[in-house]
Structure formats: structure tokens, C-alpha cells
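Just so you know, we're using the working numbering here: the sequence shown kicks off at 1 and counts up by one.
Honestly, the hints are just simulated from the structure, not real lab data. Here a beta-carbon is modelled for each residue, glycine too, at the ideal position from N, C-alpha and C. Be a bit skeptical, because a hint or two may be false.
Label-pair restraints from in silico Cβ distances [to be verified]:
| hint | residue 1 | residue 2 | range |
| --- | --- | --- | --- |
| 1 | R75 | G104 | 22 to 28 Å |
| 2 | L23 | P95 | 25 to 31 Å |
| 3 | G93 | E15 | 33 to 39 Å |
| 4 | T109 | K17 | 48 to 54 Å |
| 5 | R97 | R75 | 22 to 28 Å |
| 6 | E116 | E15 | 45 to 51 Å |
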Amino acid sequence: MQRRSDRLSAHRDDEMKTELQGLLRSGHSTRVAEWHDPEPVADDDPEVAGGPVLPGPAPGRFEAVRLELGRQLGRTAFPATAAGLAGTLRERGAPDRLADLVAGLPEGTVFRTASELARALTQDDA
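Kindly generate the complete structure, drawing on both the sequences and the hints.
Shown next as C-alpha cells:
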């Protein structure tokens with residue numbers, strides 16, 4: 001007998017698989033009432049939902065980069081130098097381009113927060 005820490009029983013697992021079969025096969029919602037469907041992505045949602053966010057000149061990029069850095073680095077990575085942060089990003093599986101851009105920041109500069117790092121990457125004065 002295999003012991004697991006699952007919250008659901010094997011019967012409930014089978015029940016949920018049956019419920020999801022239509023959705024998985026059709027590729028669209030199988031519900032009759034629209035209010036059951038999840039909401040689509042809003043225009044002002046961060047681009048993180050669509051994949052990794054990389055620094056660039058687009059408007060609102062500072063907030064998106066700051067959110068991505070905070071998600072990847074967490075609180076424990078700070079304060080640190082650019083080289084240390086780039087190493088942490090690589091260890092945690094961040095996109096290579098993001099880690100390379102962080103590694104390319106000036107040596108010796110200590111970043112205390114993800115906001116400081118995002119500001120340095122985007123050259124934003126906000």
C-alpha cells in the first residue's frame with residue numbers, strides 16, 4: 001500500500017478526471033453557463049502570465065520586470081551584487097537572457113531590493 005499526503009481520495013481523483021475529459025478533448029469550455037468560465041486575461045495584466053518578462057523600452061516595463069525579479073529572486077537574495085544576483089537567477093531557473101542582463105550591470109553595485117535592480121535594468125526614473 002502506497003502512503004501519500006494527497007488531500008483527495010482515489011475516487012475523487014477519478015471523478016475529477018471524468019469532469020475534465022470534455023475540456024481536455026475539445027480545447028474550449030464545456031460549460032453551459034458563461035459565468036462558470038474563468039475570465040480572460042485583461043489588457044493591463046502583467047506580461048508574466050504569457051511567459052518570462054525581459055527588460056526593454058516598452059511602457060509599463062518597469063513594473064513587469066520588477067514583478068518578474070521579485071518572483072524569481074524572492075526576499076532572501078537581497079542585498080547582493082549584480083554577479084551574486086545573476087548566479088541566484090541561474091540557480092533558480094530564470095531565463096538566461098535575464099540572468100545575462102543582470103550579470104552585465106556594473107560591478108560593485110549593491111542592490112537592496114528588486115525595485116532597485118529593475119530600475120537599473122530598465123533605466124526608469126520611476
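Violated hints - listed by number, lowest first: As far as the earlier hints go, not one is violated by this structure.
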